[in-house]
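Enquirer: Single-letter residue listing:
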Amino acid sequence: MSDVINFLERMGQDAELRYASQDTIGTALADAQIEPQQRSAVLASDPERLRALLGHEPLFATLMMPGAIES
Amino acid sequence: MNTQPSAGSLVCVGIGITLGSHISPLARSHIETADMVFVAVSDGLVEQWVQRMHPDVRSLQPFYQTGKPRMQTYRQMVEAMLTEVRAGKRVCGVFYGHPGVFAWAPHKAIETARAEGYRAHMEPGISAEDCLYADLGIDPGTRGCLHFEASQLMYYRRRLDPSAWLVLWQIGITGDHGKNRFATNAAYLQVLVDVLARDYPLEHEVIVYRAATLPIHLPRIERTSLARMPHLALDAADTLAIPPAAPMEPDPEMRARLAALDLARADPVGT
Ligand SMILES: C[S@@+](CC[C@H](N)C(=O)[O-])C[C@H]1O[C@@H](n2cnc3c(N)ncnc32)[C@H](O)[C@@H]1O
Chain W
1 MSDVINFLER
11 MGQDAELRYA
21 SQDTIGTALA
31 DAQIEPQQRS
41 AVLASDPERL
51 RALLGHEPLF
61 ATLMMPGAIE
71 S
Chain Y
1 MNTQPSAGSL
11 VCVGIGITLG
21 SHISPLARSH
31 IETADMVFVA
41 VSDGLVEQWV
51 QRMHPDVRSL
61 QPFYQTGKPR
71 MQTYRQMVEA
81 MLTEVRAGKR
91 VCGVFYGHPG
101 VFAWAPHKAI
111 ETARAEGYRA
121 HMEPGISAED
131 CLYADLGIDP
141 GTRGCLHFEA
151 SQLMYYRRRL
161 DPSAWLVLWQ
171 IGITGDHGKN
181 RFATNAAYLQ
191 VLVDVLARDY
201 PLEHEVIVYR
211 AATLPIHLPR
221 IERTSLARMP
231 HLALDAADTL
241 AIPPAAPMEP
251 DPEMRARLAA
261 LDLARADPVG
271 T
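Chains W and Y, in that order, are what the protein sequence lines are. Position 11 of the first sequence, counted from 1, bears residue number 11 in my numbering, the numbering being contiguous throughout. Position 168 of the second sequence, counted from 1, bears residue number 168 in my numbering, the numbering being contiguous throughout.
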């Protein structure tokens, strides 16, 4: 039993899974007992849906001033 | 004279762009062994992933607010980390990509911590730049590659070199004065196009690039012309890559000098 964050980590680290066929990913998702809606978001390569399912709002990501002007 | 470093310390690590794929063993070890961890990443799922690596992970997200001067947000991020360092904690700041690439707070936090006598350093991470070279098949060594923060090209007169690659960061917040929008629009992008049109033909190709942050999707690679760029839907995570538009110009004078040096070296007289 795993959850989708662990599953994503595994996908990210595993050369066999990272660019695997839908079939292979589908089987791995089933083996990991990932919840069906999340499973279909992963299979659809739909990060937006996955974020929504897990209740994530879009994050702010800027770390530098536009123009790199300090004040 | 050796002053004993204080107990508190700071390390800023990068965890790369793609969840699971890019984090280095050393970055992970810094996260796991710190007393407390701060995190600033671009994806909620990535943040959730980092939360699992340590029992005390604090998000820097709450410092962002629309309407608040951006610089204030960044200063508060630095202060949040420094407060814990001063309290004697071993602090790890986790940033997406490379923590020192187009990122003010990690550099500032390390500089401040050192100035106050604490141990502080940075561990590199895989940046969006690294992903871009791989996904677009660019080698920055072939023609050279300039990198600019997109708005800087509008605020300042910079010298571009159309015989090299040009990479513009933060294209999706072009012209944002660091307060409200966290976005751009066609009018701001048109100003940028006008700047670029001083050196590039309007029909020249530009590439919008976004690396995969999750291992379930492919990068965004969208090619259009410079003239059409203002009409693209751009996101804060997009980077713009502009291929060379001109051949490299030979420099006959320097070539002649180099040839003369070669000749002098080959000449047995005087040896
Ligand atoms: C504040 S900077 C942080 C960059 C980050 N430290 C790194 O090393 O990639 C944000 C800018 O990085 C670029 N960026 C961030 N995420 C990206 C991604 N997934 N793909 C392409 N560029 C990205 C964009 O130009 C964005 O506006």
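Hints in this document: simulated from the structure, not taken from any laboratory. A few of these clues could be false.
[Said to hold, decoys possible] Each pair of labels, with its calculated beta carbon distance range:
1) W:T27 / Y:S24: 47 to 53 Å
2) Y:P247 / W:E35: 53 to 59 Å
3) W:T27 / Y:Y155: 50 to 56 Å
4) W:S45 / Y:A259: 52 to 58 Å
5) Y:L218 / W:E35: 21 to 27 Å
6) Y:M71 / W:T24: 46 to 52 Å
7) W:E57 / Y:H231: 24 to 30 Å
From a predicted model like this one, the values you see are computed outputs, not experimental measurements. Backbone N, C-alpha and C fix where the C-beta goes; we use that ideal spot for every residue, glycine too.
Enquirer: Are the hints correct? Go through all of them and say.
Expert: Hints, one by one, checked against the model:
1. W:T27 / Y:S24: 47 to 53 Å: violated, 30 Å
2. Y:P247 / W:E35: 53 to 59 Å: For E35 (chain W) against P247 (chain Y), whose Cβ atoms are near 56 Å apart, the range 53 to 59 Å holds.
3. W:T27 / Y:Y155: 50 to 56 Å: holds, 53 Å
4. W:S45 / Y:A259: 52 to 58 Å: Since the Cβ atoms of S45 (chain W) and A259 (chain Y) sit about 56 Å apart, the hinted range of 52 to 58 Å holds.
5. Y:L218 / W:E35: 21 to 27 Å: Holds, since L218 (chain Y) and E35 (chain W) (Cβ atoms, about 24 Å apart) stay within the stated range.
6. Y:M71 / W:T24: 46 to 52 Å: holds, 47 Å
7. W:E57 / Y:H231: 24 to 30 Å: holds, 27 Å
In summary, the one numbered hint that this structure violates is 1.
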